[in-house]
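The sequence shown runs 5 to 82 under this note's numbering.
No wet-lab data here; the hints were simulated from the structure.
Nothing here was measured: the structure is a model prediction, and the numbers come from that model.
Note that the Cβ used here is the ideal one computed from N, Cα and C, for glycine as well.
Each hint should be verified, as a subset may be incorrect.
[Claimed, not checked] Pairwise CB distance ranges (calculated): (1) Val76 - Arg17: 35 to 43 Å; (2) Leu25 - Ser77: 54 to 62 Å; (3) Val33 - Asn11: 28 to 36 Å; (4) Ala42 - Trp13: 15 to 23 Å.
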Amino acid sequence: MKDSILNNWNIIRFLRLGIGLAIIVQAIVAADLLFGLAGLLFTGMAVFNASCCGAGACASRPTLNKTGSKDVSYEEVV
Numbered sequence: 005m006k007d008s009i010l011n012n013w014n015i016i017r018f019l020r021l022g023i024g025l026a027i028i029v030q031a032i033v034a035a036d037l038l039f040g041l042a043g044l045l046f047t048g049m050a051v052f053n054a055s056c057c058g059a060g061a062c063a064s065r066p067t068l069n070k071t072g073s074k075d076v077s078y079e080e081v082v
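Kindly produce the complete structure, drawing on both the sequences and the hints.
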């Protein structure tokens with residue numbers, strides 16, 4: 005857990021952290037609890053390096069064409 009928090013910081017992770025902290029500050033100024041929860045969500049996503057596709061569920065596996073590429077012929081439909 006400590007390794008995932010301290011390592012592999014990239015620009016998107018810093019961006020999420022900045023957005024989350026800005027939302028939390030704005031929520032404190034506006035005294036808005038729901039806005040503060042959204043800020044905690046963004047900040048938590050940055051700290052724990054989680055996202056909607058955190059488990060890699062959104063990534064599709066590349067298909068390998070073992071027979072080589074085939075020429076595709078198209079015909080015009082009028």
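Check each numbered hint from earlier against the structure, then list the numbers of those it violates in ascending order.
none
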